[in-house]
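A.B. asks: Here is what each chain is made of, one letter per residue.
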Amino acid sequence: MSKLGSHISAIQSGFKHLYKRRMTLRYPESKLEILSGYRYPLAGYKGRHVLSMEKCTGCSICELTCRNIARAIKMVRVEGASPRNKKSIFPQIDYGYCVFCGFCVDACVFSALTMTPEYELAAYDKQQLIYEPKMLAASPPASGSARFVVTKSAAYHKKPKRTPEINQA
Amino acid sequence: MLGLTEPLSNLLQILVFPGLGFALTFVLFMVWYERKLLAKVQVRVGPLYAGRFEGILQPIADFVKLLFKEIIVPKQADRFLFMLAPTFMMALSVSILALIPLSPSNVIADSNVAILVIIAVLSLSPLAIVVAAWASNNKYSLIGGLRALHQTTSYAIPLSLSVLGVVLMSGSFSLMSIVESQRNAWFIMLQPLGAIVFFLAALAELERVPFDIPEAETEVVMGWETEYSGINYGIIMTAAYVKFYALAVLFTELFLGGWLGPEPVPPALWTIIKTFFVITLMMIPRGVYPRLRIDQMLRLGWTRLLPLSLVNIIISLVAVSFMA
Amino acid sequence: MSELVLNVGPQHPGSGHFRLIIHVDGDTITKAIPDPGYVHRGIEKQAEYREYLQNIPLLERPVISDSNGSVYAYVLAVERLAGLKVPERAQYIRVLMAELNRMMSHLYWLAIYGIFLGHSTMFMWPFGDREVLIDLAQRAMGQRLTYSFFVPGGVRSDLPDGFKDEALRAMEFLGGRLPEYDSIFVSNPLFLDRTRKVGILSREDAIRLGVVGPTLRGSGVDADARKDEPYDAYDRIEFDVATFQDGDCYSRARVRIEEIKQSMRIVKQVLESIPSGPFRAKSPSVLNPQRGNVYARAEAARGTYAYFLTSLGRRMPYRLKISSPSFRNLPAFEFLMKGSHLADMPTIYWSLDYWPLEADR
Numbered sequence: 001m002s003k004l005g006s007h008i009s010a011i012q013s014g015f016k017h018l019y020k021r022r023m024t025l026r027y028p029e030s031k032l033e034i035l036s037g038y039r040y041p042l043a044g045y046k047g048r049h050v051l052s053m054e055k056c057t058g059c060s061i062c063e064l065t066c067r068n069i070a071r072a073i074k075m076v077r078v079e080g081a082s083p084r085n086k087k088s089i090f091p092q093i094d095y096g097y098c099v100f101c102g103f104c105v106d107a108c109v110f111s112a113l114t115m116t117p118e119y120e121l122a123a124y125d126k127q128q129l130i131y132e133p134k135m136l137a138a139s140p141p142a143s144g145s146a147r148f149v150v151t152k153s154a155a156y157h158k159k160p161k162r163t164p165e166i167n168q169a
Numbered sequence: 001m002l003g004l005t006e007p008l009s010n011l012l013q014i015l016v017f018p019g020l021g022f023a024l025t026f027v028l029f030m031v032w033y034e035r036k037l038l039a040k041v042q043v044r045v046g047p048l049y050a051g052r053f054e055g056i057l058q059p060i061a062d063f064v065k066l067l068f069k070e071i072i073v074p075k076q077a078d079r080f081l082f083m084l085a086p087t088f089m090m091a092l093s094v095s096i097l098a099l100i101p102l103s104p105s106n107v108i109a110d111s112n113v114a115i116l117v118i119i120a121v122l123s124l125s126p127l128a129i130v131v132a133a134w135a136s137n138n139k140y141s142l143i144g145g146l147r148a149l150h151q152t153t154s155y156a157i158p159l160s161l162s163v164l165g166v167v168l169m170s171g172s173f174s175l176m177s178i179v180e181s182q183r184n185a186w187f188i189m190l191q192p193l194g195a196i197v198f199f200l201a202a203l204a205e206l207e208r209v210p211f212d213i214p215e216a217e218t219e220v221v222m223g224w225e226t227e228y229s230g231i232n233y234g235i236i237m238t239a240a241y242v243k244f245y246a247l248a249v250l251f252t253e254l255f256l257g258g259w260l261g262p263e264p265v266p267p268a269l270w271t272i273i274k275t276f277f278v279i280t281l282m283m284i285p286r287g288v289y290p291r292l293r294i295d296q297m298l299r300l301g302w303t304r305l306l307p308l309s310l311v312n313i314i315i316s317l318v319a320v321s322f323m324a
Numbered sequence: 001m002s003e004l005v006l007n008v009g010p011q012h013p014g015s016g017h018f019r020l021i022i023h024v025d026g027d028t029i030t031k032a033i034p035d036p037g038y039v040h041r042g043i044e045k046q047a048e049y050r051e052y053l054q055n056i057p058l059l060e061r062p063v064i065s066d067s068n069g070s071v072y073a074y075v076l077a078v079e080r081l082a083g084l085k086v087p088e089r090a091q092y093i094r095v096l097m098a099e100l101n102r103m104m105s106h107l108y109w110l111a112i113y114g115i116f117l118g119h120s121t122m123f124m125w126p127f128g129d130r131e132v133l134i135d136l137a138q139r140a141m142g143q144r145l146t147y148s149f150f151v152p153g154g155v156r157s158d159l160p161d162g163f164k165d166e167a168l169r170a171m172e173f174l175g176g177r178l179p180e181y182d183s184i185f186v187s188n189p190l191f192l193d194r195t196r197k198v199g200i201l202s203r204e205d206a207i208r209l210g211v212v213g214p215t216l217r218g219s220g221v222d223a224d225a226r227k228d229e230p231y232d233a234y235d236r237i238e239f240d241v242a243t244f245q246d247g248d249c250y251s252r253a254r255v256r257i258e259e260i261k262q263s264m265r266i267v268k269q270v271l272e273s274i275p276s277g278p279f280r281a282k283s284p285s286v287l288n289p290q291r292g293n294v295y296a297r298a299e300a301a302r303g304t305y306a307y308f309l310t311s312l313g314r315r316m317p318y319r320l321k322i323s324s325p326s327f328r329n330l331p332a333f334e335f336l337m338k339g340s341h342l343a344d345m346p347t348i349y350w351s352l353d354y355w356p357l358e359a360d361r
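Those protein sequences? They're chains U, D and B, same order as listed.
The first sequence runs 1 to 169 under my numbering.
The second sequence runs 1 to 324 under my numbering.
The third sequence runs 1 to 361 under my numbering.
It is worth saying that the hints were derived from the structure and are not from the lab.
You may find that some hints are simply not true.
[Said to hold, decoys possible] Derived BS3-like pairs: lysine-lysine, alpha-carbon spacing no greater than 27 angstroms straight-line:
1. B:K164 with U:K158
2. D:K36 with U:K16
3. B:K197 with B:K268
4. D:K139 with B:K261
5. U:K74 with U:K126
6. B:K261 with B:K164
7. U:K3 with B:K197
Source: prediction; values computed, not measured.
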């Protein structure tokens with residue numbers, strides 16, 4: 001008879017979930033809210049890099065670091081004078097190779113490379129994945145706004161409110 | 001003129017209601033309903049985008065997709081039998097529909113021995129499965145097909161025997177009179193054992209969880225359905241769901257009083273409502289149970305369901321002789 | 001019927017990148033020969049061309065569902081060789097992240113066990129609940145699965161603000177989910193039918209075959225690298241090692257679920273008693289450790305990871321030998337599957353928690 005009891009409790013458990021909140025995040029209508037990107041030594045999301053062309057001196061330490069990990073960074077020459085960057089070279093990142101480990105961010109002495117919460121980098125062509133320094137310097141789009149709520153009995157994504165949002169750069 | 005309306009109304013019954021048209025639409029609804037129900041149990045959403053309302057057109061989208069796929073016949077396969085098997089299965093499932101009335105006025109072919117014929121036709125399904133498995137010329141299909149053969153043959157016996165109790169109580173093989181004799185009490189209260197045995201045997205005949213070992217993905221890829229692609233697979237799936245619908249209506253009429261119900265609702269609608277409830281009950285195990293191993297399942301069929309159905313027959317005999 | 005040779009091959013819904021050659025006679029398996037090696041990428045050789053720090057993204061990728069487990073042993077080995085002393089806060093953070101990974105890996109295991117047994121709900125629920133843990137990891141470490149977070153000397157960044165509350169809430173949520181799992185999976189009569197008395201590995205056979213991890217602990221052997229050779233903060237935290245005596249697939253499943261509960265206990269203790277301080281020891285980014293050999297062990301979710309590191313004093317290791325738990329569990333395949341039903345093959349296979357990428361390296 002305890003077997004019957006186990007059957008009943010299994011079916012009961014299944015029924016209980018019929019009226020729980022769904023956990024599904026309805027991407028792409030709502031996207032997860034990620035606020036901060038990785039900046040050594042602060043925790044943050046490791047998404048696309050953003051390059052500050054004023055701070056970069058062209059020392060190539062990021063390229064050296066990545067050389068044995070993913071070989072994703074290549075230093076390219078960009079026209080336009082920058083007083084700190086005598087050789088006028090800046091990193092170009094190929095996201096087809098990058099593994100988003102963030103060691104280049106750790107290595108950059110001048111904090112010119114940081115990572116942002118942008119993760120939607122898919123492209124139709126391998127060439128489009130190579131981000132030149134000017135592309136890297138562009139700031140990421142605004143973050144999504146669905147929050148992942150965890151309570152004692154449920155975990156779900158809270159849909160964003162339909163109010164106009166301030167664009168966070 | 002009079003000579004024309006009869007065959008015309010017959011044709012309408014066969015094609016639209018309660019025949020093919022209604023059955024296939026209901027099957028489409030059932031596919032969607034099952035996916036949504038399972039999704040709700042699993043804390044997710046299920047089909048959402050096809051069709052304006054919660055993905056209601058998803059089964060149609062899947063069907064159209066299957067139409068676009070290539071029908072691959074393996075090189076060493078027996079071509080004729082390979083293409084014959086899905087049609088055979090579809091014919092089996094659909095021919096049962098002709099004998100099952102949805103209400104006294106909605107029946108395609110009423111027969112005095114409806115139940116007998118239905119059980120006989122259902123017992124042909126192992127043959128269709130073996131034809132499909134053998135014709136595929138594939139080790140996995142062979143193993144899956146043999147398992148399905150064992151399963152469907154073993155469970156056809158309790159299925160037939162559990163119906164016998166109902167037949168004894170109502171005194172007739174005709175589905176019309178079986179439903180009529182439930183005016184005082186539904187047979188599920190008089191024959192609980194029979195109802196349980198019929199329910200489990202029907203789940204096994206349909207190869208649904210927890211009895212879906214013939215198509216156990218992780219061991220035999222898809223069992224006897226492995227080599228079927230495109231619309232071939234679509235026909236097999238449709239045949240399975242039509243059989244599901246037919247067995248659910250059968251359960252309603254054998255045990256739940258068919259179309260009997262209070263007046264303002266038409267009798268056909270009562271049948272449909274009760275069938276809907278039975279279908280939900282048959283879909284729930286899919287979200288709750290893992291699948292049984294073949295020897296455990298056969299043990300369940302032969303050592304539990306078969307004696308239970310025999311006990312049910314004896315009890316029904318005793319009860320009928322008391323009431324007479 | 002004569003004997004069939006089935007190829008549960010690399011292209012199969014139930015095998016992963018791994019081939020099992022099974023000789024079937026009717027419904028009984030007479031021989032089961034595992035054929036690993038489809039995903040061999042030469043990780044050990046590639047590690048010889050990377051500096052010690054650059055090896056970390058390489059070494060965490062074979063085991064993506066439990067990446068901290070394999071990197072932990074490597075990092076311990078390098079620290080022993082280079083003589084680095086890890087600050088206390090870093091030790092606690094590492095324990096915390098390793099235990100989170102253990103829970104994630106076990107939930108993943110539970111989900112795939114559901115697929116193998118044909119239980120679709122058992123597939124969906126653990127994956128959903130794993131999202132809670134992955135979200136937590138993403139807040140702390142920046143990535144969902146492969147973090148590159150542990151480095152020789154500590155960790156790369158500190159825990160963000162508000163992490164403790166979120167983590168405690170996640171633990172509370174998971175604690176409420178475990179009874180649900182129990183009623184629908186572990187105590188489900190059909191699950192018991194499928195896994196009880198299936199694939200029985202006795203205590204002597206387990207020791208003789210050299211299996212590790214929950215496979216070993218499910219046969220009654222109390223062996224856990226966290227208790228036998230405590231590293232980092234494990235000797236200051238209270239927890240029990242889950243051991244069950246029967247040695248069948250059911251015991252191994254119970255071991256893993258009990259390990260989830262123990263990991264929750266460890267996480268709560270760490271969050272309460274984590275000290276403040278630096279999170280990384282001062283060390284050069286290009287390490288030149290002394291010449292020598294070093295051996296280090298860590299307990300990952302699937303079993304014990306062991307690294308044998310040989311250094312010649314240069315900035316790249318000379319030889320890095322990885323001993324992964326999945327490879328250690330391979331002899332159990334042939335031994336356990338002989339004489340069992342064909343339908344028990346997926347049950348036994350996944351109860352050993354074999355991860356092809358990790359076994360092939």
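A.B. asks: With reference to the structure, classify each hint as holding or not holding.
C.D. replies: We went through each hint and held it up to the structure:
This hinted pair checks out: K164 (chain B) and K158 (chain U) have alpha carbons roughly 21 angstroms apart, not beyond 27 angstroms. Restraint check: the Cα-Cα separation between K36 (chain D) and K16 (chain U) comes to about 15 angstroms, which is no more than 27 angstroms; the hinted pair holds. Distance restraint check for K197 (chain B) and K268 (chain B): the Cα-Cα separation of roughly 35 angstroms exceeds the 27 angstroms cut-off, and the hinted pair is therefore not satisfied. The straight-line distance between the Cα atoms of K139 (chain D) and K261 (chain B) is roughly 43 angstroms, outside the 27 angstroms bound, and the hint therefore fails.
Among the hinted pairs, K74 (chain U) with K126 (chain U) is consistent with the structure: their alpha-carbon atoms are about 16 angstroms apart, no more than 27 angstroms. Our distance criterion of 27 angstroms between C-alpha atoms is met by K261 (chain B) and K164 (chain B), whose separation comes to about 18 angstroms. At most 27 angstroms may separate the alpha-carbon atoms for a hinted pair to count; K3 (chain U) and K197 (chain B) meet this at roughly 18 angstroms.
Going through the hint list in order, the structure does not satisfy hints 3, 4.
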